[in-house]
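Student: As a plain string of letters, each chain reads:
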Amino acid sequence: MDMLTTLAQADLPAAMAPATLAHYLFLSAAMFAIGLIGFLTRRNLIVMFLCTELMFQAAGIALIAFSRFHMEQTGQTFVIFVLTVAAAEAALALALVVLLFRRRDSLDAEQWSEMKG
Amino acid sequence: MLNLAESITSLLTTATDAAGGLQQAAGHGAAEAAAHGATHATDVVMGPWYVLLIPLLPMLGVVLVTLTALLGIRTKLPAWLTVACLGGAFATTVVMYWNVSAGPAVTYGFRWIDLATGNGHRFTADFGLYVDSLTCLWMLFVTGLGTLIALYASEYMADDLKAGYARFFMAFNLFVFSMACLVMADNLVLMFLGWEGVGLCSYLLIGYYFKKPSAVAASKKAFVVNRIGDLGLLMGIFLTYVEFGTVQYAELFPMVEPYVELVKSGMAWDVPMRVGLIPVLFMVGAFGKSAQLPLFVWLPDAMEGPTPVSALIHAATMVTAGVYLIARTYAFFVVSPIALPIVAWVGAATALVSATIGMAQFDIKRIMAYSTVSQLGYMFCGLAFLSTAGAAFHVLTHAFFKAMLFLACGAVMHGFAGQLDLRKLSGVAFMKGWGIVGIAMFVGCLNLAGFPFTAGYFSKDMILAEAFVTQGPGYSVLGWVLLVTAGLTAYYTFRVFFRVFVGPRHAEPGDDHHDHAHDAGEHGDAEPDHHHGFHPHAPGWAINLVLALLTVGSIAAAGLYFVDKENHGWVGGMIHNSSAYTSAGSAAFLDSANIGMHVDDPVGTGHSADHDDAHGGAHGTLFGQDPHKIMYYVSAVFGVVGILTAAYLHGPKGPLGLFIGGRTKAATSRADGLADAMMPLPTYARNKWYFDEFYGALIVKPLRALSHVFHLIDKLLIDGLVNLIGSLPRFVASLIRPSQSGLLQGYAAGMAAGLAVVVVTVWMVIAVTGGGS
Amino acid sequence: MLLAMMIAPLVFVLIVASRPAEHARGIALLGSGVSLLLGLISWRMFIRPGGPDAIDPLAFSMDWLPSMGIRLDLGVDSVSLLMILLSCLLAPLCVLGSWTAIVKDQRTFYGWLLGLQAAIVGVFAARDLMVFYICFEFTLVPMYILISRFGSTNRRAAGTKFFLYTFTGSLIALAGLVYVVWFTAQHHGGWTLNIDRLAESARMMSATEQAWVMAAMLAGFAVKVPLFPFHTWLPLAHTEAPTAGSVILAGVLLKLGTYGIYRFVLPFTPVAVAEYAPLIATLSIIGIVYAGLICWVQTDVKKLVAYSSVSHLGFCVLGLMSLNHAGLQGSILYMINHGLSTGALFLLVGFMYERYHTRSMNELGGLAAKMPVWTCFMVFFVMASVGLPGLNGFVSEFLCMLGTFQAGGEGGQWGLTGYELPGVTWGVLGPWYALFAGTGVIIAAIYLLFLVGKICFGPLVEPVGHNDHPGPLPADLTGREIFTLMPLAVLCLVLGLYPSPVMDLLEPSVAKTVAVVQSAAAGESRNDAHIGAHSGLDAGAVIVSEVLPTVDSQTGGVR
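Respectively, the protein sequence lines represent chains E, U and A.
Using my numbering, the final residue of the first sequence is 677, and nothing's skipped along the way.
Using my numbering, the final residue of the second sequence is 1720, and nothing's skipped along the way.
Using my numbering, the final residue of the third sequence is 569, and nothing's skipped along the way.
Since the hints were derived computationally from the structure, they do not count as laboratory data.
The beta carbon of each residue, even a glycine, is placed where N, CA and C say it ideally should be.
Hints may be right or wrong, so weigh each one.
Claimed, not checked - On the chain E side, residues computed to face chain U include the following (Cβ under 10 Å):
(1) L600
(2) R603
(3) L610
(4) R628
(5) M631
(6) E632
(7) W672
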């Protein structure tokens, strides 16, 4: 609740004023929205994967912002972990995408909709 | 925890006891037996150890014969082992008979079923043997005949030396063991072991020729029909335990005494109904085992077994188990107002019905089977007329002469390749080497027909006379029924004799597998000696020896009637000292001025008879005379008339047909014309009055149909219901399955929508609750 | 010791898995032999002399999840020990019986067979509800694999049905058991899953609660038994299962149901049992007659034997419902005897199937001519199954029926005000139940002799073309097969003629259960029972801590 009140009370930033928490959160939300929309609208597996990464990092930015705001290290620690996992996951996912591409000669996600109720 | 801890500790202690083993068990038994002796009026003493040999020797025989089979011995060794073991058992029985004391003795074997049933009572049914004179009587002829018939079978079964010989003698020994358990048991449950055990052996031996479908069906029928009776017996045992808290004879009999006293003092209706029900249940078992109406149908079919089996099991011993059961538990029957009258009516009806069926059969072995059923009816009547002595005497004489008749028939069957049709055999007694068989048959027929001064005559008279002496519901009618049946018996017995054993010599071989039948299909009217192809082989020494011994035995049995005249013969004396008598005797049912035992009012409806002058008004009469005396003449007349009728209708021309016969051919006789005139009755009788068809239509088929219905219900209804429930989740799933489109974006959109819903909800909650608080 | 009996088969599972497939059956035989040996040693230890101070050498106890009161508690009374011995005996026989029948995937087969053995020991040895339930459910997995991988044509459907049906039932039972655990925790302030303590507190539940808990538990156990009308999975499972699977299924797994009733339903909910025993007994009797008649019209030999199990197990449940000494002892003996005789029958049918590759009675007949030894065994075990006195089946059947007959004291069918008849005990059944159950004895004779008459006797009938392709096996039984059947035959005879050592062993356990059930159900007022049970629980804890010191600290911790 505290968090939300802070958010509500934050003034809109003046020109060239130092970035406040709200700025970061706005950035995070924007990135998440772009990622989500990209994931929903694109059919290319690699692009979709990039979009998920985008959402991932959006969440990371929010975490770091709050971490800084509360002057606590937990959030940042967590993001380090997320980055590590994301790196491993990226390697794995791209390998999978390559495998899938070899099977169908296409990166279209709709090619893989075999489970039809 | 409490349960576990206590059970473990108590288990440890009792387990220790259990580990004590046989030694302790034996001690327990000794104490038990001693306790009986101390607490009850009838002084039950510890029996000698060697009576245990009587069941154990046949058991040894089972083991030894099985060993010979395992070792692949294909000689007559199993037969000799059997004869030795059974002979040993017989010798032991004789020793037991000489040493039998006045009262019963119990010899303890080992613990069998023994447990606490709560309420401070134990259910004890141990392997113990109860020996009194009734036991001796039965065991004497069981082991004696067993030995002789084993000797006979050693030759009879010789065709099967390659296969089945050992199997036959294994079952044979097992049978004698089971019969010993049945007769010598000291409790009802061990008796039940023997009871079912003889049923098993009967099953195994009837189905001995297992390749014949008819034999298999007959064996199955015998076992199942017996089981129906067994259920009644089992319920009787349960009820006995519930009522008296014990199933051991030694404890049981003294407990029934008070009820007998009640009946004696005219308060029969004060006996609890449960007690009166016990004998009715026992009776059901007895009817099954002894082939009485309505459960008699298995016995004639049982003739599918080898003839020695028919002789021993289905004529002499096993089928008398029902008589034994009633004699053993006679006290129960005396106190029941309905049991004995039912026994009487069923016995007489069985005697008559099976005699009429026997008259119309052509298969000589079947005729003997029906005569067995009929004679068993007499025995039951004897029991019902309060003449256990008469019944037991008839059991004894019947055992001898009927075994002999069967063995003679068996010799014929053996010699003529399984031929049993009396229309296809004639003059057998005069063929070379068949003399002893002919004589044995003649003596046997005389006995069965009740010809004066034969053993069968005396034993039958004892029963017949009591029918008129004893007062009961319609007993004198039953007496006349039995008299007529006696005439019929004489007729059909001598019908066999006149047709098969005397007259022109003629023989057609049967269709059995037979080493000597080179040309089985050939037949003609020529002398068998000149018959080109078939040569009947006359019995060898074993068969002849056994037949000769039995002939002598059954003639001599008549003498037993005059021994110990005071107790109505030797058998009467034996009965006198047993549980079959104790109850009836101590209740002063015994008319001491007379021979035999009878109450004036077995129904017990408060009679006031003064037993001491029983010759007075309460005593039944026949032609205004004492039935015991006049019966000698009346029954003789019936018997002789029956024989003469047979001679007229079936006897050959000349002296052997008593000069009134006129038969010149094997296949036809004067009876044929008579039968035609009486149509359709002979056909009905030949078809056993359609009992089998009746049961088939009324019980077997509906039951089978019901089974099919159940099977369908099981498959369709019950399993269908289960499958229906099982398919419910699948059905529900099929409703929501389309939502799984398989499109990645579809799922993502769903997630986004879900997220949106969550966000909006949170937003609204904040808005509603006023955010800042 | 019990732990060793659980672990030993698992060790051999590992060995089986690590060795080549052709060694699997030998290792499995060795493994099951070891567990049989351990079983016999346990038996020896169990009946050895020792005073009340002696610590049970078989028991094992250690903390598992202390915060939930879950412990790895193993221990036996005579009932569970006998069941363990039965499973130990059947395991090597199953291996021997499958020696040549299983050719592919031997490692999987024998591995799971051994795993099943471990789970079964666990079920019977469990003194903790969690251990019991885990093992109880785990038995499904090996059995499912045995059926659906090694069965005959319709194996997958049979395996699935078996698994789902019994699993659903056990889940409902779990709900009931969880309620008891919760109830105990509520009323005694601490979690415990010790079966005996749960039983004590469960008896304090109100009559309505007991009825619901009983219904839930029965849902699990009645399906397992199987009690009419929950039996339809059994014929299918038996028909499709490989021989070893059928033997274990009939010999031991079905007994989990009756054992469950004995161990849980009777002591947990005696009041409800006393109220509903007539209903359950009626269902058993319907099962006896109904399944018996269905047997009579079967054409598949194995299905006939399977339905006969349904019929026979009816006697078992009936005996339990009589709630007296004779009935309970008879019922427990029945569990063992049925395992021996029906197990042997399944082995025999399996041996026949290996030679003829058919189980249809229409294609077979008169095999006595070709297989005399096989026929001897067949007739012997059929007679044991029919309940011929002198063989094992009789003693148990007799006692079950006797128990039923006499169980009708006050308010029962005997309609007595007191106990003036010496043979009547407390109970709610009576002679009519025994009579109707008794018709099952006749029907058993009908269908089993029908079976023997059809396939053993009569003219020889063999499947068309059978003699064109002689298999590797001789016409009659081999030495190995005879060796497999011999122990069962000997035990059938011994338990038929001299059952008293076993009965003496059972007597204290059974007496305890009967006392618990009767005192709880025979109509003391609820409040009295409540107070009495409270103090009883405390006393119980004290006694246990004396006898089993290892339990002591834990008990204190829990409370």
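Student: Quick check on L600 (chain E) please, does its C-beta sit within 10 Å of some C-beta on chain U?
Tutor: Where the cut-off is 10 Å and the nearest Cβ of chain U is about 6 Å from L600 (chain E), the hint holds.
Student: With a cut-off of 10 Å, does the beta carbon of M631 (chain E) approach a beta carbon of chain U closely enough for the hint to hold?
Tutor: 24 Å, violated
Student: Are L610 (chain E) and chain U close enough, Cβ to Cβ, to be under 10 Å, as the hint says?
Tutor: At about 14 Å, which exceeds the 10 Å cut-off, the nearest Cβ of chain U leaves the hint on L610 (chain E) violated.
Student: Using the nearest Cβ pair, does R628 (chain E) come within less than 10 Å of chain U?
Tutor: Violated - the Cβ of R628 (chain E) stays beyond 10 Å from chain U, reaching only about 24 Å at its closest.
Student: Hint check: is the beta carbon of R603 (chain E) less than 10 Å from a beta carbon of chain U?
Tutor: 8 Å, holds
Student: May I ask you to test the interface hint for W672 (chain E) with respect to chain U, counting a Cβ-Cβ separation under 10 Å as satisfied?
Tutor: 7 Å, holds
Student: Would you check whether E632 (chain E) satisfies its interface hint, that is, whether its CB is within less than 10 Å of any CB in chain U?
Tutor: Nearest chain U Cβ about 23 Å off; hint violated.
The structure is inconsistent with the numbered hints 3, 4, 5 and 6, although it conforms to all the rest.
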